[in-house]
Amino acid sequence: DTAVSQTPKYLVTQMGNDKSIKCEQNLGHDTMYWYKQDSKKFLKIMFSYNNKELIINETVPNRFSPKSPDKAHLNLHINSLELGDSAVYFCASSQSGLAVEETQYFGPGTRLLVL
Amino acid sequence: AQSVTQLGSHVSVSEGALVLLRCNYSSSVPPYLFWYVQYPNQGLQLLLKYTSAATLVKGINGFEAEFKKSETSFHLTKPSAHMSDAAEYFCAVSYSSASKIIFGSGTRLSIRP
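Residue numbers (our numbering), protein chains in the order written: chain A, 11 to 125; chain B, 10 to 122.
Mixed in with the good hints there might be a few duds.
To be verified - Chain B side only, calculated, beta carbon under 8 Å to chain A, not exhaustive:
id, residue
1, Y41
2, Q51
3, L55
4, K58
5, T60
6, F112
7, G115
Stated by the list, open to error - With a cut-off of at most 20 Å between alpha-carbon atoms, the simulated DMTMM-like pairs for lysine to aspartate or glutamate come out as follows:
id, chain 1, residue 1, chain 2, residue 2
8, A, K51, B, E97
9, B, K77, A, E111
10, B, K78, A, E68
11, A, K62, A, E92
12, B, K109, A, E63
13, A, K81, A, E34
14, A, K77, A, E34
15, B, K58, A, E111
16, A, K50, A, E92
17, B, K109, A, E111
18, A, K32, A, E63
Unchecked claim - Some chain A residues well away from chain B (every beta-carbon gap over 12 Å; in silico):
id, residue
19, L21
20, Q24
21, H83
If you're looking for bench data, these hints aren't it; they were derived computationally from the structure. Even glycine gets a Cβ: it sits at the ideal position worked out from N, Cα and C.
All chains should be built: construct the whole structure from the sequences, respecting the hints.
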């Protein structure tokens with residue numbers, strides 16, 4: 011059973027388009043995250059949600075809008091895609107998001123290429 | 010500000026040799042430290058974590074790391090490298106909640122036959 015799943019795995023699109031990436035976790039966790047990994051492998055948090063409530067928004071452009079319909083899902087919608095949005099986007103989850111030593115569980119990533 | 014620094018973006022060792030990946034942290038409060046591994050085209054997976062219970066932490070796949078407060082380090086080691094260890098390794102620090110994990114820039118480990 012896949013713990014954290016993302017769709018699609020690959021996404022190739024034109025500049026200016028709008029796209030969504032979906033994430034689901036079946037671990038029963040309360041907190042979910044979106045990370046962006048750039049071409050140099052640098053991993054940076056974008057958002058985190060706890061029980062459908064936004065708790066972290068790390069200076070991400072307004073073109074990025076996370077949506078959490080329930081605590082098992084956290085989707086990422088991107089408007090007006092730009093070349094610089096090309097990256098690998100990882101979804102992750104953790105039990106509560108509150109305990110400092112908690113492990114985060116990562117999905118396989120969505121490779122986005124904007125042409 | 011809290012951060013982690015991984016020395017060496019690329020480390021290459023021979024199969025059977027010692028693996029040493031370096032991580033230094035900067036934190037004004039007691040840190041919680043993690044090592045994650047990313048295999049090609051996959052997401053990150055926890056190798057081990059330091060939560061103040063013991064300074065020498067053993068993880069999966071024969072890896073271990075030692076927390077040294079005096080050196081502000083949390084280096085990752087493995088006595089004998091396997092070809093399957095080839096991956097990207099990330100050191101990370103958390104100091105206030107699980108939501109506030111900061112990742113290092115990663116070290117790519119290559120294994121020579």
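A quick look at each hint next to the structure:
| no. | hint | in the structure |
| --- | --- | --- |
| 1 | Y41 | holds (5 Å) |
| 2 | Q51 | holds (6 Å) |
| 3 | L55 | holds (5 Å) |
| 4 | K58 | holds (6 Å) |
| 5 | T60 | holds (4 Å) |
| 6 | F112 | holds (4 Å) |
| 7 | G115 | holds (4 Å) |
| 8 | A/K51 / B/E97 | holds (9 Å) |
| 9 | B/K77 / A/E111 | holds (18 Å) |
| 10 | B/K78 / A/E68 | violated (29 Å) |
| 11 | A/K62 / A/E92 | violated (27 Å) |
| 12 | B/K109 / A/E63 | holds (16 Å) |
| 13 | A/K81 / A/E34 | holds (9 Å) |
| 14 | A/K77 / A/E34 | holds (12 Å) |
| 15 | B/K58 / A/E111 | holds (8 Å) |
| 16 | A/K50 / A/E92 | holds (18 Å) |
| 17 | B/K109 / A/E111 | holds (10 Å) |
| 18 | A/K32 / A/E63 | holds (17 Å) |
| 19 | L21 | holds (15 Å) |
| 20 | Q24 | holds (24 Å) |
| 21 | H83 | holds (17 Å) |
Hints 10, 11 from the earlier list are contradicted by this structure; the remaining hints agree with it.
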